[in-house]
Amino acid sequence: MKKIVIFLISSFLIMFSSVKADTIKLGILEDETGNFAIAVVPKIHAYELAVKEINAAGGVLGKKLEIVRYDTQSDNRRFQEFARRLIKKDKVDVVFGAFSSASRESIRGIMEKGKMLYFYNNQYEGGVCSKTTFVTGAVPEQQFSTLVPWMMDKYGKNVYTIAADYNFGQISAEWVRQIVKENGGTMVGEEFIPLDVSQFSQTIQKIQKAKPDVLMTLLVGAKQASFYEQQASAGLGIPMGTSVNVGQAYEHRRFAPPALENMYVTVNYIEEVHDVIKSGEFHDKSKDFVKRFKALYPNEPYINMESANAYNAINLYVNAVKKAGTTETMKVVEALESGISFDGPSGVVTIDPKSHHGSHTIFLVEVGKGHKVSIPKVWKDIQPYWLGQSGCNLAQKADYSQYTPSNPPSN
Amino acid sequence: MVFLFNIFYQFGDSLAFLLLAAIGLAVIFGMMKIINLAHGEFITVGAYGTVVSGKVFNLPLPIAMAFGVVITIIFGLILEKLIIRYLYGRPLDSVVATWGISLIVSQSFLVIFGPSYEGLQTPMGNFQLGEFSYSEYRIFLIFIALIILFLLYYLFMKTSFGTLARATIENPSISSSMGVDVKNVYTITFAIGAGLAGVTGALYAPTMTIVPSIGQAFIVSAFITVVTAGASPFVGLVPAAAFLGTVQTSVTFFYKSTIGLIAILCAVILIIRYLPKGFSGLILKTRSK
Chain G
1 MKKIVIFLIS SFLIMFSSVK ADTIKLGILE DETGNFAIAV VPKIHAYELA VKEINAAGGV
61 LGKKLEIVRY DTQSDNRRFQ EFARRLIKKD KVDVVFGAFS SASRESIRGI MEKGKMLYFY
121 NNQYEGGVCS KTTFVTGAVP EQQFSTLVPW MMDKYGKNVY TIAADYNFGQ ISAEWVRQIV
181 KENGGTMVGE EFIPLDVSQF SQTIQKIQKA KPDVLMTLLV GAKQASFYEQ QASAGLGIPM
241 GTSVNVGQAY EHRRFAPPAL ENMYVTVNYI EEVHDVIKSG EFHDKSKDFV KRFKALYPNE
301 PYINMESANA YNAINLYVNA VKKAGTTETM KVVEALESGI SFDGPSGVVT IDPKSHHGSH
361 TIFLVEVGKG HKVSIPKVWK DIQPYWLGQS GCNLAQKADY SQYTPSNPPS N
Chain R
1001 MVFLFNIFYQ FGDSLAFLLL AAIGLAVIFG MMKIINLAHG EFITVGAYGT VVSGKVFNLP
1061 LPIAMAFGVV ITIIFGLILE KLIIRYLYGR PLDSVVATWG ISLIVSQSFL VIFGPSYEGL
1121 QTPMGNFQLG EFSYSEYRIF LIFIALIILF LLYYLFMKTS FGTLARATIE NPSISSSMGV
1181 DVKNVYTITF AIGAGLAGVT GALYAPTMTI VPSIGQAFIV SAFITVVTAG ASPFVGLVPA
1241 AAFLGTVQTS VTFFYKSTIG LIAILCAVIL IIRYLPKGFS GLILKTRSK
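Protein chains in written order, with our numbering: chain G, 1 to 411; chain R, 1001 to 1289.
Rather than coming from a laboratory, the hints here were simulated on the basis of the structure.
Careful: at least some of the hints might be erroneous.
Mimicking PhoX-like on lysine-lysine, the simulated pairs with C-alpha atoms at most 25 Å apart in a straight line are [stated by the list, open to error]:
1) R:1055 <-> G:369
2) R:1256 <-> G:372
3) G:113 <-> G:397
4) R:1033 <-> R:1081
5) G:397 <-> G:25
6) G:115 <-> G:25
7) G:181 <-> R:1081
8) G:91 <-> G:64
9) G:157 <-> R:1055
10) G:369 <-> G:64
11) G:154 <-> G:211
12) G:181 <-> G:294
13) G:89 <-> G:291
14) G:154 <-> G:115
15) G:209 <-> R:1081
16) G:211 <-> R:1256
17) G:291 <-> G:278
18) G:372 <-> G:291
19) R:1256 <-> G:206
20) G:64 <-> G:322
Kindly produce the complete structure, drawing on both the sequences and the hints.
Structural data, given as structure tokens:
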């Protein structure tokens, strides 16, 4: 009897220790429910697709990948709670996640303190220069330095910005201001709008009074999204540019036309890429990605750019682990800083060693009559140059800050 | 001329929003002293009733809107029969109960219809005046808000149902002994309040993003307008909405939306401090002198 008990206990111990050694644990914190769920659910599915494919191909370093996932409910307190749990209790090897900039900033400090490798896979206002953080989403120098000059060339040099009144909107608007100035344009107006505002008659009239050629709409959330319907019904008729709509929460599919007509967005991926671009590299890669995605999730309403970023993030991590030969955080960081790249749904993404951000193919998406999507321009291999140029060099010098154009690292 | 019309348009737009946001809440609070925290969800029901019936049955917009209102009235009646009727005369308990209802309803919408639903297009067109263009539907909303308020005033002040309702609210036991069916009056009044919230949801549905939290966009405006209006909704609502609308429009016009939002809340604080009974208290006091 005693022998049997000892045998059972020891075999359990062996089982558990072997389970632990056999998997690489990926912590995922994403908003499956709440405000941001529309844009985030496809992203969660993209993580799962990537993990499934890698495991089917035999895993990494002889180990399988295992996802430990919590629903952060679009609530920053949940983010902090689950971030601590992933680090202390689940002892994951890496964390992927966060949608809003506010939620990223709420957990970045916890990640840095816990020496946890962290991937933020979302377009955002840019400027995060952190030794243990990597960003696979697009940043303003990729989305705005392409979009704003193109629109100014086409429509004129007078630009008006309306932006959500929190860190994302404020910093993005600062970027627009700077790029407009660099290209010889004029800011004819700027308004920051609280996230609670849902009625825009006055804002629309202020815009009409300023007579801009281009309107940058950096609005966030369901309440502010009412702007598009209201500007269309008031007949505003000014070309709109943005970095947030279409590519995340597919407003062009969800809203009745003509709310988003005449809108231009720069994205690093959307599922229409292969419908619009009829042949070549981007057509083939996007078509293949959508096919694999739909095989796993046939009812996915839309495969947005953040799902491509999430998919790329897992693959970049795996490539780095292969190169490092271990999952030990600083070794993987070192491998990621060696110029790791991955050929993803919209072409090659390479991690910039200085800033830890990824390079991107940028598609200029135009929403036309009846919300029909076209892509008038593609920029290949756009680098996240700003942080590196202004003094962030993580490969040489550790840092844990977020910078803005008015507060660059060199100061 | 354009300048004057602009003032009318912006002020009217703000006034219409405040009036329509508050009107259902004002009836339920003013007449029955139920603090209805589920007011936003009544608006949500009206909006979803309109949009979903419009999409699914392909109804023309006015019929879809009527459908949305009817659904909200039925929803209000069911709630009154199941829960609210036990809470008359218990304002604090009504807060907790209606808050619970609000959570259940908004989460149910999320589960049933998902995080967002494809919206309808705003009806009517737009017209140009000088350098500005205006949505005709928004101007229609201004008039509709005033007409609804007038009809409501007529119903409660000039019809026999109105007399019975006011008598019941004034003193239920005497009314009851005089042969008034008190329960029935409460039920109908609550249904009218719910129906008005449904009207708000139906009217604003084509202009907004259809999400389960759509009603939340109205709730702050609704409560501050009702608080500023004071105890008697028919007397206080228009001056309250006019006052708050003026504060918001003028401050937003000269400064920014953020300051406009701050100004309106500061104005409410001042009103509560110096006119604790709101505009209706002030008007009734001067009238009785």
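Comparing the hints with the structure gives:
{"no.": "1", "hint": "R:1055 <-> G:369", "result": "holds (21 Å)"}
{"no.": "2", "hint": "R:1256 <-> G:372", "result": "violated (34 Å)"}
{"no.": "3", "hint": "G:113 <-> G:397", "result": "holds (17 Å)"}
{"no.": "4", "hint": "R:1033 <-> R:1081", "result": "holds (17 Å)"}
{"no.": "5", "hint": "G:397 <-> G:25", "result": "violated (28 Å)"}
{"no.": "6", "hint": "G:115 <-> G:25", "result": "holds (15 Å)"}
{"no.": "7", "hint": "G:181 <-> R:1081", "result": "violated (63 Å)"}
{"no.": "8", "hint": "G:91 <-> G:64", "result": "holds (16 Å)"}
{"no.": "9", "hint": "G:157 <-> R:1055", "result": "violated (41 Å)"}
{"no.": "10", "hint": "G:369 <-> G:64", "result": "violated (47 Å)"}
{"no.": "11", "hint": "G:154 <-> G:211", "result": "holds (16 Å)"}
{"no.": "12", "hint": "G:181 <-> G:294", "result": "violated (44 Å)"}
{"no.": "13", "hint": "G:89 <-> G:291", "result": "violated (37 Å)"}
{"no.": "14", "hint": "G:154 <-> G:115", "result": "violated (47 Å)"}
{"no.": "15", "hint": "G:209 <-> R:1081", "result": "violated (52 Å)"}
{"no.": "16", "hint": "G:211 <-> R:1256", "result": "holds (18 Å)"}
{"no.": "17", "hint": "G:291 <-> G:278", "result": "holds (16 Å)"}
{"no.": "18", "hint": "G:372 <-> G:291", "result": "holds (22 Å)"}
{"no.": "19", "hint": "R:1256 <-> G:206", "result": "holds (10 Å)"}
{"no.": "20", "hint": "G:64 <-> G:322", "result": "holds (13 Å)"}
In this structure, the hints that do not hold are numbers 2, 5, 7, 9, 10, 12, 13, 14 and 15, in rising order.
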